[in-house]
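Heads up: the sequence lines are chains A, B and C, in that order. Just so you know, we're using the working numbering here: the first sequence kicks off at 1 and counts up by one. Just so you know, we're using the working numbering here: the second sequence kicks off at 257 and counts up by one. Just so you know, we're using the working numbering here: the third sequence kicks off at 493 and counts up by one.
Treat the hints as calculated values from the structure; they're not laboratory data. Among the hints, erroneous ones may be present.
To be verified - Below, a list of computed lysine-lysine pairs in the DSSO-like style, where the Cα atoms sit at most 27 Å apart:
id, chain 1, residue 1, chain 2, residue 2
1, A, Lys31, C, Lys721
2, B, Lys460, A, Lys23
3, B, Lys406, B, Lys475
4, C, Lys527, C, Lys705
5, C, Lys722, B, Lys411
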Amino acid sequence: MNREQKDYILNFLEQGIRFDGRKLDEYRPIKIETGFSENAEGSAKVSIGDTIVLAGVKLSVGEPYPDTPNEGTMMINAELLPLSNPDFEPGPPGIQAIELARVVDRGIRESGSIDTKKLCIKKREKVWSITVDICPINDEGNLFDASTLAAVVALKNTKFPSYDGDVIDYKKKTKDSLPLKKLPVSCTVIKIDNYFIVDPTPEEEKKVDSRLTVEVEEDGTLCALQKGGDKPLTAEDIDKMVKIGIKKSKELRKLL
Amino acid sequence: MGKLLVEDKTIVTPGEELAEGMDFLPAEGTFREKDKIIASGLGLVSINGRLIKIISMTGRYIPKKDDTIIAKVTDILMSGWILDINSSYSAVLSVKESRDFIRRDADLTRYYDIDDYIITKIVMVTSQRLVDASMKGPGLRKLIGGRIIKVNSNKVPRIIGKRGSMVSMIKNATDCNIIVGQNGIVWIQGLPKNEIIVVKTIRKIEQEAHISGLTERIKTFLEKETNKKIVVEKVE
Amino acid sequence: MAYNKRIDGRKFDETRPIEARVGVIKNSDGSAYFKMGKTTAYAAVYGPRGIHPKFLQNPRNGKLRCFYNMMPFSSMGERVRPGANRRAKEIAMVTEKALLPVIDLTEFPNSVVDVFIELPQTDAGTRCAGICAASMALADAGIPMKDMVASVSVGRVDDKLVVDLDYSEESYENGTVADIPTAIISRTGEISLLQMDGKLSRDDLKKAIEMAKKACSKIDKIQRDALKKKYEVKNE
Numbered sequence: 001m002n003r004e005q006k007d008y009i010l011n012f013l014e015q016g017i018r019f020d021g022r023k024l025d026e027y028r029p030i031k032i033e034t035g036f037s038e039n040a041e042g043s044a045k046v047s048i049g050d051t052i053v054l055a056g057v058k059l060s061v062g063e064p065y066p067d068t069p070n071e072g073t074m075m076i077n078a079e080l081l082p083l084s085n086p087d088f089e090p091g092p093p094g095i096q097a098i099e100l101a102r103v104v105d106r107g108i109r110e111s112g113s114i115d116t117k118k119l120c121i122k123k124r125e126k127v128w129s130i131t132v133d134i135c136p137i138n139d140e141g142n143l144f145d146a147s148t149l150a151a152v153v154a155l156k157n158t159k160f161p162s163y164d165g166d167v168i169d170y171k172k173k174t175k176d177s178l179p180l181k182k183l184p185v186s187c188t189v190i191k192i193d194n195y196f197i198v199d200p201t202p203e204e205e206k207k208v209d210s211r212l213t214v215e216v217e218e219d220g221t222l223c224a225l226q227k228g229g230d231k232p233l234t235a236e237d238i239d240k241m242v243k244i245g246i247k248k249s250k251e252l253r254k255l256l
Numbered sequence: 257m258g259k260l261l262v263e264d265k266t267i268v269t270p271g272e273e274l275a276e277g278m279d280f281l282p283a284e285g286t287f288r289e290k291d292k293i294i295a296s297g298l299g300l301v302s303i304n305g306r307l308i309k310i311i312s313m314t315g316r317y318i319p320k321k322d323d324t325i326i327a328k329v330t331d332i333l334m335s336g337w338i339l340d341i342n343s344s345y346s347a348v349l350s351v352k353e354s355r356d357f358i359r360r361d362a363d364l365t366r367y368y369d370i371d372d373y374i375i376t377k378i379v380m381v382t383s384q385r386l387v388d389a390s391m392k393g394p395g396l397r398k399l400i401g402g403r404i405i406k407v408n409s410n411k412v413p414r415i416i417g418k419r420g421s422m423v424s425m426i427k428n429a430t431d432c433n434i435i436v437g438q439n440g441i442v443w444i445q446g447l448p449k450n451e452i453i454v455v456k457t458i459r460k461i462e463q464e465a466h467i468s469g470l471t472e473r474i475k476t477f478l479e480k481e482t483n484k485k486i487v488v489e490k491v492e
Numbered sequence: 493m494a495y496n497k498r499i500d501g502r503k504f505d506e507t508r509p510i511e512a513r514v515g516v517i518k519n520s521d522g523s524a525y526f527k528m529g530k531t532t533a534y535a536a537v538y539g540p541r542g543i544h545p546k547f548l549q550n551p552r553n554g555k556l557r558c559f560y561n562m563m564p565f566s567s568m569g570e571r572v573r574p575g576a577n578r579r580a581k582e583i584a585m586v587t588e589k590a591l592l593p594v595i596d597l598t599e600f601p602n603s604v605v606d607v608f609i610e611l612p613q614t615d616a617g618t619r620c621a622g623i624c625a626a627s628m629a630l631a632d633a634g635i636p637m638k639d640m641v642a643s644v645s646v647g648r649v650d651d652k653l654v655v656d657l658d659y660s661e662e663s664y665e666n667g668t669v670a671d672i673p674t675a676i677i678s679r680t681g682e683i684s685l686l687q688m689d690g691k692l693s694r695d696d697l698k699k700a701i702e703m704a705k706k707a708c709s710k711i712d713k714i715q716r717d718a719l720k721k722k723y724e725v726k727n728e
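In isolation and in its complexed conformation, chain A is listed as follows (with noise of 0.2 Å):
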């Protein structure tokens, strides 16, 4: 990205609009579909804008960690498939699937919104097992929030196998939830020269100087952040951008 085309993409900014016409603070029309797979026990569909993501979660019983005998397990993993983007390339997760799934993760393990203690079926034996696969098929930007609202939809809709103890029959789905308790949302703004902009697209996020993942429980408690981008931040700086984060995040979350 030459200097000029940076430069000229403040010429936008200045007026308060970006190269599509939203303002700063706007979000592309965001989409949620849920089950689109009914061989997960929770699957959901998430676009924003012209990005598109999946996510779904398995559940399995299995032993408990030894630091955590009474707590099931939960772990999430990110994919950045090929299918999705021109630039990726096939081969096992590279940085950025790994940056995703740890940002995802954080925000669902710190909030506490799974109840780790109600996973518990045995304790030092056996506990439920629940890993979320989040799968992109279409990479327009912001895979962080995408990413997230398609777990944590996918998680709220997930309901447990039958299990009698001994083996899991994942024909027969039960009517029970998962042990949700906060549910976090997650707003990433970045940061362009001495602009804010939130749901960046690709031809944005190549001007990045740097980035802030917020993640947000219902009551504005932050649960989770993550900084990238090359360029410093000041202290000013995350102060404005969590308070973008936290705002929107109130919007967002009416969609869940």
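Chains B and C: place on chain A using the hints.
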């Protein structure tokens, strides 16, 4: 002897039979198998006398000699520049083909630097798809400022219009500079809110190019977006 | 005990309900969605594009590369660990071979056409759904193709020959099963994919192949209709 099996201007899929008999001749996008002419891709049937061809509506840009394109400089060599031309093939612009005379020891980045966009012309495409470009010609130059969007290269003729009538209409309505490369790269420069209208209009043309009455619809759309009345000059 | 009624009540030569759509992944050069019963496949085509590393290039012809993957939450039962496993690699290879006979990449030396197949939900017949989606996606990408490919599994469940086995039939325990994925080239009826798990007599194989041809001819029509639907030429 010959019989047409499809109507002109219909969409056909690969392998569909278009005509029977030796009267018709297979042109671009078709092939002959025994006495049948068959579509070799997805596209619009175009019948011109005895020639049947398929106009492709999709697919990446394939570089052709004499195309005027917008390219991005991706690398600089001793003897010239490597260009991304929105195709699976890059082009080479050699120092000899630049507009001005360049001394042997000159710093080439002073002319065109990495990530610069230029309007250039394709002068040769070899059988191995090595592409040579040239800046010698009217209007060929480096682009300063503005923004770049990618369009479906098959829609370029519709975006430009007959003798440039469509793109002129958009330029006049929005007061923007617009250059449409044959390779599907478009450069736009004007006031931000007008540039947004240009992009919306071009996307609309891309989506509706194959539906008749396009010019009228785009005229109405532009009038609504810009609140200005548009006079369309008749193009013979 | 004879298999007198299919587990889901279908006729023996009936496929599961099919849904086909084209142009579902905007970033790609061509894409399609193909659903057969519960088995759902997305296919996205990127190309022709440059291929790296250079030694993979073929100076005479473009290359076709297929990738197949089941999403971890796609199976009834335990989660499928992500990662290219041997099964996926083999399916990718036979998919490539099933599509190669109809595509023409002579115009794209040193380039590659990548086809990515992903399945969010599976219930047997995954490679067949993948090939059906891939064939549409390639046409949607404007790749020169002299025909299209449809794919379906046929086989035997106990004493009956059936079309489009679902998982419950593939894993049927009250009798022997033969599962035969096939791919048929539309105009010629030639077979570009043939594999079999299970036991079958020579006569039954002949009959099964004829059933596959009939089923594929119906699937072929659905694929072509989906392609045309995206590009319907409307007259206002």
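Right, here's what the structure says about each hint:
Only pairs whose Cα atoms come within 27 Å are accepted, and Lys31(A) paired with Lys721(C) is accepted, the gap being roughly 24 Å. For a cut-off of 27 Å, the pair hint linking Lys460(B) to Lys23(A) stands: about 21 Å separates their Cα positions. Between the alpha carbons of Lys406(B) and Lys475(B) the distance comes to roughly 22 Å, so the proposed pair stays at or under 27 Å and holds. With a C-alpha separation of about 19 Å, the suggested pair Lys527(C) and Lys705(C) falls inside the 27 Å cut-off, and the hint holds.
The straight-line distance between the Cα atoms of Lys722(C) and Lys411(B) is roughly 15 Å, inside the 27 Å bound, and the hint therefore holds.
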